[in-house]
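Colleague: Sequence:
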Amino acid sequence: MFRLLSLSAKIKAVSLVFLLAGLASVSITLWVTWQLEGGAAAVNEAGRLRMQVFRMQLSFQNHEQHLLDQGNARFSASLQLLREGDPSRPLQILWTPPLRAQFARIEEGWQHLSRMQTAATLPEFRAQGDALVQVIDDLVTLLEREMVRWTAGLHLFLLMMVALVIGATIVFGMMSYWEVLYPLERLEGGMAHIRQGQLQTRLQLESSGEFGRVASGFNLMAASLQSARENLEFKVREKTASLQAQHAQLQLGRGGAQVEAGEVIGAVAEDLVLADAQAAHATAAFGGDV
0 MFRLLSLSAK
10 IKAVSLVFLL
20 AGLASVSITL
30 WVTWQLEGGA
40 AAVNEAGRLR
50 MQVFRMQLSF
60 QNHEQHLLDQ
70 GNARFSASLQ
80 LLREGDPSRP
90 LQILWTPPLR
100 AQFARIEEGW
110 QHLSRMQTAA
120 TLPEFRAQGD
130 ALVQVIDDLV
140 TLLEREMVRW
150 TAGLHLFLLM
160 MVALVIGATI
170 VFGMMSYWEV
180 LYPLERLEGG
190 MAHIRQGQLQ
200 TRLQLESSGE
210 FGRVASGFNL
220 MAASLQSARE
230 NLEFKVREKT
240 ASLQAQHAQL
250 QLGRGGAQVE
260 AGEVIGAVAE
270 DLVLADAQAA
280 HATAAFGGDV
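Using numbering that gives the first Met the number 0, you'd call the opening residue of the sequence shown number 0 and step up by one each time.
There could be a bad hint or two in this list.
To be verified - Here are the computed distance ranges between Cβ atoms for each label pair:
(1) Ala20 x Arg125: 49 to 59 Å
(2) Glu143 x Gln79: 21 to 31 Å
(3) Lys9 x Ser226: 26 to 36 Å
(4) Ala130 x Arg73: 12 to 22 Å
Just so you know, the hints here were simulated from the structure itself, not pulled from any lab data. The structure displayed is predicted, hence computed values, not measured ones. The beta carbon of each residue, even a glycine, is placed where N, CA and C say it ideally should be.
Start from the sequences, fold in the hints, and give me the full structure.
Modeller: Right, dumping it as structure tokens:
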């Protein structure tokens, strides 16, 4: 199907494919980069949760209820930010089932720590806070592993794009040769044969596009020139035979008959010279135009 298209249609089709591939690669790269940037912001925000737990432990130890309330509000806001994300930063967790399960354990541990703020002793509150910090550390570890996986996927995709560019360059070079350079070489060779007088030269290009039509026109012109030369040669042979017959008859006569024979020979010679000049002019004009 592709071989039946014209050269201009092939160029448009290949250009469209390259354009779509380029747009797709750029879009995917930007999307993955955006995901990684959001994941890095999520890691930072999760790291802040640990700091907030430490601050709440210190506030609980010093009996600073107002600071403890502020810590509760900040921790709740951080959890909501991690849960919902923030496209404007961007900030988002690259959610997977293990990450969702680990985040649920953080929320459960936070609820338990909140209930302990009114009745727990300092060692109990500190132990629960340390346990919550460990759960947060596990979440950060999972986030970092997920980012490593996405980064490796991005690197693999970029390598694939490099390989695609190299392959596309090779394909485009081969296509340029077979669709443009090779037909031009055939046409140039045919023109050289025509200039050498080989009017039986014909081009065989299996193409329905522009070069196929040029080859068909070349063959038609070569056939016309060959036919004209054959007709000319036939007329020359006919004139020669007629001249020989007249010359045989003139041998029987003398004087004025010899003068008449000279006139006939001169006329035939002029016809031959004129015919050869016309054929040479047609051949040279054909070679120059093509």
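Colleague: Could you tell me which of the hints above the structure violates, numbers in ascending order?
Modeller: Failing hints: none at all.
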